[in-house]
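Novice: The lines below spell out each chain.
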Amino acid sequence: MQEVAHSLSRFHPEVVLTAALLLVVLVDSSGVRFRNVVNQVLTVAALAAALVFSIRLTGSSGETWSGLLVVDPLGVFFKMLLVGASLLVALVFTFRNSRELQGLGQGEFYALLLAVTLSNLLLAASNDLAMLYLSLEMVSITSYVMVAYMKGDRMSNEASLKYVLFGAVSTGAMLYGLSLLYGLAGTTSLPGIRAFLAAGISDANLFAVYAIAFLVLAGFGFKTATVPFHFWCPDVYEGAPTPVTAFLSVAPKAAGFAIMTRFFFQGFSTQAGGPWGHVAAIDWPRVLMLVSVATMTVGNVAALTQTNMKRLLAYSSIAHAGYIMMGVVALSEDGARALQIYLLAYVFMNLGAFLVVTLIHNQDGTFDLRDYPGMYRRAPLLTLAMAVFLLSLMGIPPLIGFMGKFYVFAAIIEKGPSYGWYAVVGAVNAAIAAYYYARVLKTMIIDAGNETRPAFRIPAVDMAWVLFFAAANVVPLLFWGAIDGWTRQSLVLFAGR
Amino acid sequence: MIGLQHYLLVSAALFSLGILGVLTRRNAVNVLMGVELILNSANINLVAFSRYGTGNLQGQLFAVFVIVIAAAEVAVALAIVLTLYRLRHTPNLDEADILRG
Numbered sequence: 001m002q003e004v005a006h007s008l009s010r011f012h013p014e015v016v017l018t019a020a021l022l023l024v025v026l027v028d029s030s031g032v033r034f035r036n037v038v039n040q041v042l043t044v045a046a047l048a049a050a051l052v053f054s055i056r057l058t059g060s061s062g063e064t065w066s067g068l069l070v071v072d073p074l075g076v077f078f079k080m081l082l083v084g085a086s087l088l089v090a091l092v093f094t095f096r097n098s099r100e101l102q103g104l105g106q107g108e109f110y111a112l113l114l115a116v117t118l119s120n121l122l123l124a125a126s127n128d129l130a131m132l133y134l135s136l137e138m139v140s141i142t143s144y145v146m147v148a149y150m151k152g153d154r155m156s157n158e159a160s161l162k163y164v165l166f167g168a169v170s171t172g173a174m175l176y177g178l179s180l181l182y183g184l185a186g187t188t189s190l191p192g193i194r195a196f197l198a199a200g201i202s203d204a205n206l207f208a209v210y211a212i213a214f215l216v217l218a219g220f221g222f223k224t225a226t227v228p229f230h231f232w233c234p235d236v237y238e239g240a241p242t243p244v245t246a247f248l249s250v251a252p253k254a255a256g257f258a259i260m261t262r263f264f265f266q267g268f269s270t271q272a273g274g275p276w277g278h279v280a281a282i283d284w285p286r287v288l289m290l291v292s293v294a295t296m297t298v299g300n301v302a303a304l305t306q307t308n309m310k311r312l313l314a315y316s317s318i319a320h321a322g323y324i325m326m327g328v329v330a331l332s333e334d335g336a337r338a339l340q341i342y343l344l345a346y347v348f349m350n351l352g353a354f355l356v357v358t359l360i361h362n363q364d365g366t367f368d369l370r371d372y373p374g375m376y377r378r379a380p381l382l383t384l385a386m387a388v389f390l391l392s393l394m395g396i397p398p399l400i401g402f403m404g405k406f407y408v409f410a411a412i413i414e415k416g417p418s419y420g421w422y423a424v425v426g427a428v429n430a431a432i433a434a435y436y437y438a439r440v441l442k443t444m445i446i447d448a449g450n451e452t453r454p455a456f457r458i459p460a461v462d463m464a465w466v467l468f469f470a471a472a473n474v475v476p477l478l479f480w481g482a483i484d485g486w487t488r489q490s491l492v493l494f495a496g497r
Numbered sequence: 001m002i003g004l005q006h007y008l009l010v011s012a013a014l015f016s017l018g019i020l021g022v023l024t025r026r027n028a029v030n031v032l033m034g035v036e037l038i039l040n041s042a043n044i045n046l047v048a049f050s051r052y053g054t055g056n057l058q059g060q061l062f063a064v065f066v067i068v069i070a071a072a073e074v075a076v077a078l079a080i081v082l083t084l085y086r087l088r089h090t091p092n093l094d095e096a097d098i099l100r101g
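Which chain is which? The protein sequence lines are U and H, in order.
Last residue of the first sequence: 497 (our numbering), numbering continuous.
Last residue of the second sequence: 101 (our numbering), numbering continuous.
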């Protein structure tokens, strides 16, 4: 009983989200006249409450629910990030400003948003293989439904079909890997697995450890959209309603990186009072390095020729997953911190870019870059905001995206000369990326066209949110000391018993 | 005497058949059957390890959860396949090809 009471006291964000999820379903099926407004208010209130509860967890550390979940500073950081991202999506991407979602039921959308958020929180805090698999599947299954939200739309349907089949196979392969890991280590708890691997294993089992790592990477790779499990990403991002795309590009990706960090740092690394090191059985940073190099290269090269903005941003998000992975490869406190800062920056720049794409679609009904010329004349403020988001994604200095890149590259260079070529590949990739982001800007600002189309009429609320995101890409740099200190505090992983 | 190895061989065979089915079938329902094989091969592993290897019940518990997840996943996947059929009058995957580039 004491265990349950103790666990519950550190489970407030999840409890609030579950309660709100059930309430939203109830209100929606009750048929009350103002149910849509009530549901949006409920969702926003629940997410805000969960954010407050997450902040109040700061500083606590320990296992909960008999070691299935864990509360630690890194986990609390991800709780705040994940709830915050969902809150922004619920506030900004409403049914009012999305042409794609108009006329569809609203209650399910908020219920699904809350369900994905809840499972994201569980995934980021998993400390046990069973919990890891359960929450990963919960994130996936609810996202499949979100992608299929426009059920009369062939693109939305095709996107979710590809998503569900690809997801089922990669998480199935991951489950097979997890079952082998359980057989090898004799336990499903991550600290137990670390203890088993750190004690050293016989040569006969080395092959098994590599096979397990590759199979498990299939699941993580699917969740974070890294090569070679990225094929679903462009199709799903294009077919899904834009608010869903914006959400999927940020929150589940962050949760995927959270669990990837936890799995490899907690289960496959040792930290005997000194710096982190991988277990002798497998040099997993090398494996992840190759995945990361392939991911950023494939993402950036494929993005060069895209003309659909949603597809372009999909490939750009694949490339960013490659950079974010550098933080995991570094296997150091600086690496983990770089990962946090990059994901934080990524939330603001990516949601901002998707918001602009949504607003342009509302006005013109197009996602095609070839319809973007003349945008600066028709909507100067919107174009300037888009410039901020794209330059931030590019990693240009006075913007928050630069800080993300700066920290990951610094963490890699710190590792010594043998990692030098990795940093060089990353830098070359950043240069390639600059080309296609700049191409979008050139189309919007310099290219002539669409002279007959009217100027944009954007509601003041939406414009205010665009400016908010633009400010969020600049203002944090004025308070960088505070942010730096905050992420430094949230580095500690719960080491386990 | 049937031991752990036999179970592992069966599960490896099932896993391979599942992957093969997923890769070669055109019909979405058949692909989902392949997925079921993959999940159940992992279940055999979990239960066999729990019985013969590790001496604890965590594996069996895990397998029960996997069964639940498999049911939920197939429910969602079949709903999506049904929508595909309504929109295009075919369960064949290679005819779902408007998203590309």
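Don't take each hint at face value.
Partial selection, computed: residues in chain H whose CB lies under 8 Å from chain U [claimed, not checked]:
#	residue
1	Y7
2	A42
3	G59
4	I67
5	L84
Sample of chain H residues lacking proximity to chain U, with all beta carbon distances greater than 10 Å (derived) [said to hold, decoys possible]:
#	residue
6	R26
7	S41
8	I69
It is worth saying that the hints were derived from the structure and are not from the lab.
Glycine is no exception: its CB is placed at the ideal position from the N, C-alpha and C atoms.
Novice: Does each hint hold? Answer for all of them.
Specialist: Going down the list of hints, with the structure as the test:
1. Y7: Constraint on Y7 (chain H) not satisfied, violated at 10 Å.
2. A42: holds (4 Å)
3. G59: holds (6 Å)
4. I67: With a minimum Cβ separation of about 12 Å from chain U (threshold 8 Å), the hint on I67 (chain H) is violated.
5. L84: holds (6 Å)
6. R26: holds (12 Å)
7. S41: Incorrect as stated: the minimum Cβ-Cβ distance to chain U is 6 Å, not above 10 Å.
8. I69: violated (5 Å)
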